[in-house]
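Visitor: Residue numbers (the numbering used here), protein chains in the order written: chain B, 1 to 314; chain R, 1 to 292; chain E, 1 to 245.
Wrong hints could be hidden among the right ones.
Stated by the list, open to error - According to the in silico footprint, chain R covers these stretches of chain E (three or more CB under 8 Å from chain R):
| # | stretch |
| --- | --- |
| 1 | 44 to 51 |
| 2 | 73 to 79 |
| 3 | 96 to 105 |
| 4 | 134 to 141 |
Claimed, not checked - One-sided excerpt, in silico: chain R residues whose CB lies under 10 Å from chain E:
| # | residue |
| --- | --- |
| 5 | Ala74 |
| 6 | Thr131 |
| 7 | Lys171 |
| 8 | His172 |
| 9 | Ala175 |
| 10 | Gln178 |
| 11 | Asp179 |
| 12 | Ser184 |
| 13 | Gly187 |
| 14 | Asn189 |
| 15 | Val190 |
| 16 | Gln191 |
Hints were generated in silico from the structure; no laboratory data involved.
Every residue gets a Cβ at the ideal spot worked out from N, C-alpha and C, and that includes glycine.
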Amino acid sequence: MATHWKKLSVLGMILILIVVLPMVTDLGSNIMNVMVTLFMYIILSQSWNLIGGYTGQINLGIVAFFGVSTMVTHFLWKAGVSIYLAITAGSLSAVILAAVIGLPTLRLRGMYFAVGTLALAQAAQTIVGNIFTRTISMPGSFSTNYSLTPRYYLGLTLVVIAMLVVYAVTRSKIGLAMVAIRDDEQAAQVTGVKVFKYKVIALLISAVLSGLAGGLYAYVRLSFYQVFALFSPSWTFDALLAVVIGGGGTLFGPVIGSIFLVVLSEIFVNTLGQAHLIVFGFIFILVVLLLPEGLMGGVDVVRPWVYRTRRSSQ
Amino acid sequence: MNAVIQTVLIGIAIGALYALVALGFGLIMGVMKFVNIAHGSFIIIGGYVAYWLFTLLGIDPYLSIPAVMLVMFAMGLILYRLLFSPLLKYPRAEMRLDKSLLITFGVMWILDNTVTLLWTPDTRSIVTSYTGSTIDILGAKLGFTGLAGLILAFLVAVILHILITRTYFGKHVRAATQDSGAASLSGVNVQRTYLISCGIAAAVAGVAGVVIVSSYSITPSGGLNWLLTAMVVIVLAGEGNITYILPAGLILGLVQSISTLFVSSAYQEPIALIIFILVLMFKPKGLFASRG
Amino acid sequence: MLEISHIDVFYGDLQALWDISMTIDEGKIVTLVGSNGAGKSTLMHSVSGLIKHKTGSICFGGIRLDGMSAHQRVEQGVSTVPEGRRLFPQMTVLENLEVGASIRAARKVRFDTLNWIYELFPILRERKKQRAGTLSGGEQQMLAIGRVLMSQPRLLLIDEMSLGLSPLLVQEISRVLKDINKLRKLTILLVEQDVQLALSLADRGYIIENGRIVGEGDAKDLLCSEQVKDAYLGMGLAGKVDELE
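Using the sequences and the hints, build the whole thing.
Guide: Below you can see the structure in the form of structure tokens.
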């Protein structure tokens with residue numbers, strides 16, 4: 001119980017730091033940008049964590065939810081709707097898309113679901129790319145008073161919401177069903193779990209989070225020169241990478257993974273340029289092969305080893 | 001009448017290519033129960049090898065097929081040795097499948113980005129002296145490259161069929177597919193069988209790549225589309241049934257081609273997708289399931 | 001010929017076999033009997049190479065089998081008829097037999113071996129083009145044994161031969177096994193639930209209970225022993241009733 005409070009207080013302190021720092025000092029736009037990007041990745045990776053990490057359904061097309069929400073948020077906001085409503089609407093549209101995609105594909109076996117979602121995301125990219133061939137941008141009035149601060153705090157709020165959602169869902173009956181489905185779908189079915197229903201629920205909640213990330217992105221970016229890139233599979237890949245590295249099926253795994261991802265990106269983009277994508281690919285495969293539980297699980301691997309060496313040295 | 005024959009010819013030609021694309025993917029999936037999402041990338045790389053052999057050394061693409069197959073075979077061996085064999089330690093089939101999905105997603109990522117980095121995102125295709133020429137068949141015209149692709153696809157399908165049904169290696173493959181434990185107990189080196197199957201699958205992907213770069217074009221990220229095509233064919237053929245892949249591909253090609261008589265060709269992909277989902281929902285074991 | 005020394009076998013963290021030691025002499029028929037879940041199949045899997053054992057060693061003809069995979073053990077001459085037959089259902093009888101001769105040494109002589117199998121089990125010649133999945137239980141068992149014999153083994157392991165077979169068929173197959181053992185000097189290790197059958201057929205027997213060897217000796221002696229009679233031959237119940245009265 002003591003460790004529980006210790007963890008919570010450490011968390012609380014970090015949270016307070018993150019909240020208060022920008023108010024007292026000027027962190028500079030670079031750091032603020034990185035933080036906002038981090039927030040976005042945390043939310044997006046939590047989205048994949050829900051459907052992939054907890055429920056075991058490998059969704060290779062979450063970028064579709066992300067992109068749709070970004071677009072809807074963008075246009076609503078441009079039309080004069082408040083950003084908060086716009087993001088909510090964006091998330092809603094992501095959920096609707098998830099229902100449309102999910103209902104047919106979730107009935108399929110794992111492999112077909114994976115490739116099906118990949119295919120649909122590709123189709124979305126092609127369709128959207130064909131419709132919106134030119135840049136979509138905001139009128140000048142939006143960019144004149146652009147400040148990262150509200151975006152920072154909105155991002156932070158959304159991260160907290162996302163974490164709370166994951167916490168609540170995974171500790172509820174839904175979460176129990178999700179994990180049962182992941183561990184042994186047949187057994188779950190046989191013991192009365194309504195597998196299809198919970199897969200759909202998991203996907204819908206996952207879509208909400210992807211939608212939040214997308215809405216945040218619309219708020220941060222304002223204009224998009226290549227709408228095509230909004231639906232690029234690299235968003236899906238990054239989310240997967242963050243979850244796999246950090247540890248799927250855990251509350252903080254995606255957070256750790258996102259931090260890892262963002263930090264590495266910052267380091268590599270300057271030194272390797274395009275090649276950093278390739279390096280990430282290798283890291284991804286290595287982690288899947290060697291550290292299936294990610295860094296969170298790595299702790300469980302390291303701890304007994306450390307304990308053993310400490311004991312033997314006494 | 002000519003239009004109909006034309007449509008049928010085109011349908012058969014493209015259907016054969018679809019089958020060729022699916023054969024490599026189906027081999028890995030049927031034998032090892034792994035999904036290779038990077039299959040499309042393998043096809044594209046095969047195309048690039050042929051492209052560079054042609055552009056730098058002037059070798060005709062169809063003559064370069066043995067070389068392409070060799071390179072791709074090696075890639076398949078590496079894929080198995082490094083990435084698939086560690087997965088065998090998981091006893092449960094679903095876990096192996098999921099891991100293979102993740103890993104090959106990563107492989108696709110690496111391959112596609114490496115190719116983009118090395119050779120730019122530009123579209124490539126091989127244009128030879130005979131690229132544009134056509135042959136008259138029953139009053140309709142069939143492109144020379146289309147015909148070549150057709151012949152190659154049939155050749156590969158037949159050779160594979162003979163390999164699987166009449167050679168000892170083929171018996172090992174079938175035994176390992178039906179019960180890998182019993183196969184081991186019978187003296188079959190299952191790991192080596194898997195290894196070679198992976199190599200063959202990659203080599204076949206390479207041949208598909210050669211046909212595609214000569215008949216159409218390739219881009220670094222184009223592999224995904226071919227992967228999806230392969231999946232649709234596999235679903236039509238019924239998982240694990242390599243024998244039915246050729247007919248399934250032909251059917252898909254014909255349906256798509258005939259549909260162009262009624263709707264615009266822009267709907268080709270959505271049509272394939274719809275067929276995919278319909279068959280999965282109503283005939284999950286494939287079109288040929290009742291024949292068992 | 002086969003020397004199992006002090007092996008422990010685990011399924012993950014769960015221990016299934018404790019300190020198992022067995023000796024099988026060349027040319028003999030040895031049986032391992034025990035009730036369901038006692039660990040018979042686990043032991044078979046360890047010897048055939050499907051499962052790894054944690055401690056101890058398994059030696060065949062002086063060569064350690066420990067690191068070898070299943071197919072390598074077949075090359076050494078140790079072949080297993082698995083529990084439930086595990087034939088290749090979509091392949092024909094002939095093809096199943098041919099797969100049995102996969103190792104190089106067996107492949108060379110497979111035509112002769114095939115003729116021998118057809119002599120032992122004439123029904124297999126009749127059905128050679130039939131899919132293995134469509135055979136009856138008895139025919140499947142014959143095919144399973146035939147498939148294993150195709151590898152020209154020196155040691156034959158059979159896991160639960162009598163399961164699902166009529167007494168007549170069991171007699172028939174037992175006779176064949178006894179013949180092969182006598183004529184071809186083929187060593188046999190038989191794992192069986194049917195204690196009566198096993199101990200009548202074998203020269204030597206081991207009894208396994210809850211993952212440990214609890215008895216061993218000459219098969220005929222074991223058959224008459226109180227231990228076996230009580231626990232396995234159904235006479236135990238009568239004895240217990242006597243005690244109650």
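Visitor: Now tell me if each hint is right for this structure.
Guide: Status of the hints after comparison with the structure:
Closer than 8 Å: that is the beta-carbon criterion, and the stretch 44 to 51 of chain E has 3 residues meeting it against chain R, so the requirement of 3 holds. Check on the stretch 73 to 79 of chain E: 3 of its residues sit with their Cβ under 8 Å from a Cβ of chain R, so the three-residue criterion for coverage holds. Counting residues of the stretch 96 to 105 of chain E whose beta carbon lies closer than 8 Å to any beta carbon of chain R gives 6, which reaches the threshold of three, so the coverage claim holds. Only when three residues or more bring their CB closer than 8 Å to a CB of chain R does the claim for the stretch 134 to 141 of chain E stand; here the count is 0, and the claim is violated.
Look at R/Ala74: its Cβ only gets to about 25 Å from chain E, farther than 10 Å, so that hint breaks. Taking 10 Å as the C-beta cut-off, the interface hint given for R/Thr131 is violated, the closest approach to chain E being about 43 Å. At a threshold of 10 Å, the smallest CB-CB gap from R/Lys171 to chain E is about 5 Å, leaving the interface hint in force. At about 7 Å, the closest approach between the beta carbon of R/His172 and any beta carbon in chain E falls short of 10 Å, and the interface hint on this residue holds.
Of the supplied interface hints, the one on R/Ala175 holds, with its beta-carbon coming within about 5 Å of a beta-carbon of chain E, less than 10 Å. Interface restraint check: R/Gln178 against chain E, minimum CB-CB distance 5 Å, threshold 10 Å, status holds. For R/Asp179, the shortest C-beta to C-beta distance to chain E is roughly 5 Å, which falls under 10 Å, so the interface hint holds. At its closest, the beta carbon of R/Ser184 sits 4 Å from a beta carbon of chain E; the interface hint therefore holds under the 10 Å criterion.
A least Cβ separation of about 4 Å between R/Gly187 and chain E falls short of the 10 Å threshold, and the interface hint therefore holds. At about 5 Å, the closest approach between the beta carbon of R/Asn189 and any beta carbon in chain E falls short of 10 Å, and the interface hint on this residue holds. Nearest Cβ of chain E to the Cβ of R/Val190: about 7 Å, under the 10 Å cut. The hint holds. Hint status for R/Gln191 relative to chain E: holds, with the closest Cβ pair at about 8 Å, below 10 Å.
Taken one by one, the earlier hints fail for this structure at numbers 4, 5, 6, listed in ascending order.
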